[in-house]
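Please take these sequences and the hints and turn them into a complete structure.
Protein chains in written order, with full-length UniProt numbering: chain A, 1 to 134; chain B, 1 to 314.
To be clear, the hints were calculated from the coordinates, so they are not data collected in a lab. The beta-carbon is built from N, C-alpha and C at its ideal position, and this holds for glycine as well. One should not assume that every hint holds.
Using C-beta positions, here's what the derived DEER-type ranges look like [claimed, not checked]:
#1 41/B x 106/A: 35 to 43 angstroms
#2 275/B x 99/A: 55 to 63 angstroms
#3 99/B x 121/A: 46 to 54 angstroms
#4 104/B x 87/A: 17 to 25 angstroms
#5 24/A x 228/B: 50 to 58 angstroms
#6 71/A x 247/B: 48 to 56 angstroms
#7 24/A x 305/B: 46 to 54 angstroms
#8 27/B x 24/A: 31 to 39 angstroms
#9 308/B x 107/A: 56 to 64 angstroms
#10 168/B x 106/A: 50 to 58 angstroms
#11 181/B x 84/A: 32 to 40 angstroms
#12 229/B x 70/A: 47 to 55 angstroms
If the Cβ cut is set under 7 angstroms, some of the chain B residues that face chain A in the computed set are [to be verified]:
#13 11
#14 13
#15 16
#16 17
#17 95
#18 98
#19 101
#20 251
#21 252
#22 254
#23 301
Anything over 12 angstroms on all C-beta distances counts as not near chain B; from chain A, calculated [what the hints assert, rightly or not]:
#24 20
#25 21
#26 39
#27 78
#28 99
#29 110
#30 115
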Amino acid sequence: MAERRLRVLVGKPGLDGHDRGAKIIARAFRDAGFEVIYTGLHQTPEQIVAASIQEDVDLIALSILSGAHNTLLPAVYSNLKEKGAEDIMLMAGGVIPEDDIPGLKAAGIAEIFTPGTSTEVIVDWVRTNVHPRA
Amino acid sequence: MTLAERVLDGDIRAAARLMRDIDDRMKSAVTELKALYPHTGNAYILGLTGPPGAGKSTLVDQIVAAYRKKDLLVGVVAIDPTSPFTGGAILGDRIRMNRHAEDPGVFIRSLATRGALGGMSRSTMDVVNVMDAMGMDVVIVETVGVGQDEVDIVSTAHTTAVVMVPGLGDDIQAIKAGILEIGDVFVVNKADREGAERTARELTTMLEMKHPEPGAWLPHVVRTEGARGVGIEELVEEFEAHRAYLKTSGHLQRLIEERNAKLFADTLRDELFDTVFGAIRDNGRYQEILKGLRERSTDPYSAVEQVLAAHAFS
Numbered sequence: 001m002a003e004r005r006l007r008v009l010v011g012k013p014g015l016d017g018h019d020r021g022a023k024i025i026a027r028a029f030r031d032a033g034f035e036v037i038y039t040g041l042h043q044t045p046e047q048i049v050a051a052s053i054q055e056d057v058d059l060i061a062l063s064i065l066s067g068a069h070n071t072l073l074p075a076v077y078s079n080l081k082e083k084g085a086e087d088i089m090l091m092a093g094g095v096i097p098e099d100d101i102p103g104l105k106a107a108g109i110a111e112i113f114t115p116g117t118s119t120e121v122i123v124d125w126v127r128t129n130v131h132p133r134a
Numbered sequence: 001m002t003l004a005e006r007v008l009d010g011d012i013r014a015a016a017r018l019m020r021d022i023d024d025r026m027k028s029a030v031t032e033l034k035a036l037y038p039h040t041g042n043a044y045i046l047g048l049t050g051p052p053g054a055g056k057s058t059l060v061d062q063i064v065a066a067y068r069k070k071d072l073l074v075g076v077v078a079i080d081p082t083s084p085f086t087g088g089a090i091l092g093d094r095i096r097m098n099r100h101a102e103d104p105g106v107f108i109r110s111l112a113t114r115g116a117l118g119g120m121s122r123s124t125m126d127v128v129n130v131m132d133a134m135g136m137d138v139v140i141v142e143t144v145g146v147g148q149d150e151v152d153i154v155s156t157a158h159t160t161a162v163v164m165v166p167g168l169g170d171d172i173q174a175i176k177a178g179i180l181e182i183g184d185v186f187v188v189n190k191a192d193r194e195g196a197e198r199t200a201r202e203l204t205t206m207l208e209m210k211h212p213e214p215g216a217w218l219p220h221v222v223r224t225e226g227a228r229g230v231g232i233e234e235l236v237e238e239f240e241a242h243r244a245y246l247k248t249s250g251h252l253q254r255l256i257e258e259r260n261a262k263l264f265a266d267t268l269r270d271e272l273f274d275t276v277f278g279a280i281r282d283n284g285r286y287q288e289i290l291k292g293l294r295e296r297s298t299d300p301y302s303a304v305e306q307v308l309a310a311h312a313f314s
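Written as C-alpha cells, this is what we have:
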C-alpha cells in the first residue's frame, strides 16, 4: 500500500575526516524512521549532488568541520540548481561560526546546526520542514 | 511527457523518481512500468550475495570500473536492511562506490528491504527493469548481507556470485543447504588474509563433489582482494564465461522463463493482497473479523475462506 518514506542523504563534503557527527545524525535519522543514504568521507559537491539525484532524496544533510563551509555548502546548492534539483532541501551541521550563518542561509542552505544541538531538535526540524516530495 | 517517456529519453531524475514511486508503492508507478516493459530484457543481470562484511560493495565498485573500461553502461541496485523497529534504514553501500557517482555511464540506487526477507527488497525486480529500460548493459544487484538461505537473488540475476571470506567456519558450513547451491561463481575475497587458500580449496572440493551432468556449468572459485583490485579481471572473465554458457546451453531461456513467472507471481500476490485487504478494511469486514477473533467466535482460517468465498474484493 502506498506510503511515502522520507529519504535523506548524509554527506561529508571536503577534506576533514571527522565523521562521528555524521554517523550520529545518520543513526538518529534511522531511528526516526527515515531512509538514510550515507556516502562517506571526502565527497565533492558534484558527487553529493549526483548521488542525491540518483537516490531521489528529499533532504541533503551535510556535516562539515573543516572550516571550508563558506565555499563548499554554497557549491552544493549551486550544483543542485545547475542540475534543476533545487527542490531537494539542504541543511548542514558542524563547527560553523554564528556570523557565517546568515550568509549561508542566503546561499540556499535551509538550516544550520552548531555543536551542542541535540539530535531530537534536528529530527524535529526535519519532521516539521521537510516532506517527501509529492 | 510521462515518467516512462522521460526515462526512455535518458532523464536521470525521472528514472530516480520512478524508482521512488515503485518503492513507495504508488499506483502510478504501475502505469509507467507497463510502458517500460517492452523496452526491458536487454541487460545482463549480475547478483552478488554473501555474509555481511565480506566486501560485496567494494567488489561491486571494482566490477563497475571493469565494465566501464569495456565501455558498457552499468546500473547498480544495492540493498541494505530496514530496521524492523523504526522502519528507518542506513544505506551505506554507496560509501564504497561513490567515486562512480558523477560518471554518466553509471547509475547507483540504494534500496532498503522494507520488511522483505530473502536478502532482497520487493522493489528489486522493478527497479532492475527501469535500469534495463534506461539502456544499462549490465545491472549489478548487491543483496543484503545474508546468512544461509536468503537466496532470492537466483531468480533475479542471470549470474549469481557468492562472496565468501576466510575464517567464517569449517567446511560443514559450506555443505549445508543454501548458499553453496546458488552460486554460479564463488569468490573468496580478502584473499590476502590468513586461511584464504584453505577456504578456496575447501570450496573447490565441495563444488567438485556435485557430480554435474555432462555439459553443465561447473562453478569456479575466484580469489580477489577487492580493496586493491586484485583478481577483478579474472572475476569478470568468469562472469562472461558463465554468460556465454547461458546463451549456448539454452539455459538462458529457462532463466528468463523463471524470472518472468516470478515477477508475475510476486505481482499477483501483492495485488491480490492489496485489493482484498483494502476492500475488507474499507467495508468494515476486517473490523468484524478482528472482533470475531478476539471473542474466539471465528478463527483466521474460516475468516479467510469466508472473505474469499464472498468475493468481497470483486
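To see whether the hints hold, each was checked on the structure:
no.	hint	in the structure
1	41/B x 106/A: 35 to 43 angstroms	50 angstroms, violated
2	275/B x 99/A: 55 to 63 angstroms	58 angstroms, holds
3	99/B x 121/A: 46 to 54 angstroms	34 angstroms, violated
4	104/B x 87/A: 17 to 25 angstroms	21 angstroms, holds
5	24/A x 228/B: 50 to 58 angstroms	31 angstroms, violated
6	71/A x 247/B: 48 to 56 angstroms	52 angstroms, holds
7	24/A x 305/B: 46 to 54 angstroms	51 angstroms, holds
8	27/B x 24/A: 31 to 39 angstroms	37 angstroms, holds
9	308/B x 107/A: 56 to 64 angstroms	60 angstroms, holds
10	168/B x 106/A: 50 to 58 angstroms	54 angstroms, holds
11	181/B x 84/A: 32 to 40 angstroms	47 angstroms, violated
12	229/B x 70/A: 47 to 55 angstroms	37 angstroms, violated
13	11	10 angstroms, violated
14	13	6 angstroms, holds
15	16	4 angstroms, holds
16	17	6 angstroms, holds
17	95	4 angstroms, holds
18	98	5 angstroms, holds
19	101	4 angstroms, holds
20	251	33 angstroms, violated
21	252	29 angstroms, violated
22	254	33 angstroms, violated
23	301	24 angstroms, violated
24	20	15 angstroms, holds
25	21	15 angstroms, holds
26	39	5 angstroms, violated
27	78	16 angstroms, holds
28	99	32 angstroms, holds
29	110	20 angstroms, holds
30	115	23 angstroms, holds
In summary, the numbered hints that this structure violates are 1, 3, 5, 11, 12, 13, 20, 21, 22, 23 and 26.
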